[in-house]
Amino acid sequence: MLQKTIMESFYLLFSFDNELSIIVFTTLKIVLASILIASLISVPLAISISFMKETPKKFLTAIFNSLLAVPTVVIGLFVYMLISNAGPFGEYKLLFTPFAIVIGQTILAIPIITSFILAGFSKTDILMQETIKTLGAGTIEMVKTIAVEHKALILSSILAGFGRVIAEVGISMMLGGNIRFYTRTITTAIALETGKGEFALGLALGIILITIAILVNFFAHYSIKNSSNLRAA
Amino acid sequence: MIYKLKDIIYNYGSRKVLDIKNLQIEEGNIHVVSGANGSGKTTLLKIFNALIKVPKGIILFKDKPVEKDNIKLVRNNTVYVHQNPILFSGNVSDNVGYGLKIRKFPKDKIDQTVQQVLNLVGLQNFESRKSNNLSTGEIKRVAIARALAINPEVLILDEPNAHMDRQSLEQIEQTFKDINKIHNTTIIISSHDSSFNNQIAHNIIMLEKGEIVS
Amino acid sequence: MLKKKFCLIALIIFIIFSILGVFNSANTYVFAKKDRLKLATTTSVEDTGLMYELNRAFKKSTGIDVDVIAVGTGKALKLGENGDVDAVLVHAREAEEKFVKDGFGLNRKDVMYNDFVIIGPKDDPAKLKDAINVADAFKKLSESNIIFISRGDDSGTHKKEKALWLDINYEPMGSWYKEAGLGMGKTILMADNFNAYTLTDKASFLNLEDKIKLVICYQNDPKLKNYYGIIAVNPERYKNINFDGAKLFIDFITSDEGQTIINNFKIKGQQLFYPDAKQQEK
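If you read the protein sequences in the order shown, they are chains E, C and D.
Heads up: the first sequence begins at 1 in this note's numbering, then just goes up one per residue.
Heads up: the second sequence begins at 1001 in this note's numbering, then just goes up one per residue.
Heads up: the third sequence begins at 2001 in this note's numbering, then just goes up one per residue.
No lab work stands behind these hints: they were computed from the structure.
No residue lacks a Cβ here, since even glycine has one placed at the ideal position from N, Cα and C.
Worth double-checking, as some hints may not be accurate.
[As the list claims (entries may be wrong)] Covered stretches of chain D (chain E as the covering partner; in silico rule of three or more C-beta atoms under 8 Å from a C-beta of chain E):
hint : stretch
1    : 2038-2051
2    : 2066-2080
3    : 2203-2211
Throw the hints in and build the complete structure from the sequences for me.
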């Protein structure tokens, strides 16, 4: 049974049909948009938190760490209540569009990226902050420099967010509605095909998902290696 | 008087770090803050650069209190070099030019200044060396060059002579004297090397357990 | 170095296009509401591929894309109530009539029907094959102590099942009665795993027939007819409802063309749905 399913899934992979490529492309565009927006928010957010005094810093770090535990369906439900036609932003008709998924996934990714970056900051960063300050940088320059100096950490945090977001199904299902050729992503398609007993197709989609994750990680690590920045103490 | 400090008290937890009744720093001189480890030298130096906020006391920079908008004034005109400085990623030139780049200097002017200050600290032709590929002494001199590039009114250095070989030390000493003479730069140095202190200082501030003793 | 720059530029271009794509798709709703129609329907209809056939023909004649959101009947009606979809195609007549009566929907039309069947282990330990009618079959189930999987999700099928238990005045409980809380396909797969009985629409069963060991144990009672109705969501409650589109779609699905598509739709040579619209009009 398992062997047969795997054989079939490979056959499906290499006969890459149109619907499959639409699903993959839809997934990529939604996930990349979410991760980009989330990064633009999380990176400055994490750096600003790192500037804070000990007490608020610890408090906010704890908050973001706890937010990691929020299930995707809860985020989905929360966004649903906001953008449902019966909710406050109903008039924009965002529900069951790719954009709705982007909203949910951005909310999912922000705590992940933020807390991973915060966890990576170390004691030497006080020294770096002072160095940047003393050379006359304003806040924006400071955030920019710290981001550049921590690009490896930031990149791996973004990748952690990417991994979580591309693998989630609750938000995509609830806010996207799994509409064929429109909001069907890899994970919602897996859920659908498994429900229909099409295990081979489900597995093929799973393999694609893993392949994308591996490719993205290799690409990212390649670019870190090319700009490695061991800081001397 | 470029700095006037009065009734400064700074505590770290319950430990008293600084307790300065009255201190004035004269413009255009080389001042050395001397004292044992833990006597409050670093804290005092950071106060000069507004890196540390003092809860009690008055600090005047050019007769203006160091607070709110004036902090920017202090930062733009003074620069502090850590005892164990860190460099940014990239090459030596990126590091030394950093202060000028954020001050929006044109690129050719930055390159010219970088070359000049690297000559001053004895690191000719180091422009394109990677910053993660330098010895401790070289890192220190790059950090000093990075501070000099800004051409500050006040140059503050924490233990610049630690971890430095004799030859570089002599060169650095000469550099400090030169820029003090040419640009009338006020230099504040912390050090516990008495021969170095006597060589260079116009004025020595002795610290003991956070208090000025002479 | 050059290669790296090229990779980076390619990536950035890709990301920008992706984002434009996402925003563009959102704008379709914001600026050109008439182009898409959102229809909530049950998994049983969507999974068979019938909606795809209907939508393709509808798009050809009107140019309107139909977004199908496949959920249980209960949730489909809830989405309609919240104005999140423009029309619902469901199978729970009482709930549908209440939906219209409460002012959430307008223009309810019968569309089609298929049959519910009871599927179970091949050897039929509860002897459903001997049942004289569906009430008798359910009675046998309640007495047999063989595992029965219920949808348990307030879907049309679940509502039907609850009504059938009520008919024999029996409240199912005990370790033999399990509520799955899943869609039809997953519930059937679960029943297969437990070698249990379950109530399903025939279409969902035929979809999965090759993959499971379970067989139809009881069918063809008139009470097991499964009627599908379509309702447009009331535009008076929400101004941005695509009511014109919904009306067009309802007209289409109950027209000769739509009904013929339903009648001719077959999986493995078996007819799954029977058109029902014409009979109502008479």
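Evaluated hints:
1. Requiring three or more residues with a Cβ within less than 8 Å of a Cβ of chain E, the coverage given for the stretch 2038-2051 of chain D holds, as 3 such residues are present.
2. Coverage of the stretch 2066-2080 of chain D by chain E holds. Counting CB-CB distances below 8 Å, 4 residues qualify, and the rule asks for three or more.
3. Judged by the Cβ-Cβ criterion of 8 Å, the stretch 2203-2211 of chain D is covered by chain E as claimed, because 3 of its residues qualify and three suffice.
Against the hints set out earlier in the document, no violation occurs for any number.
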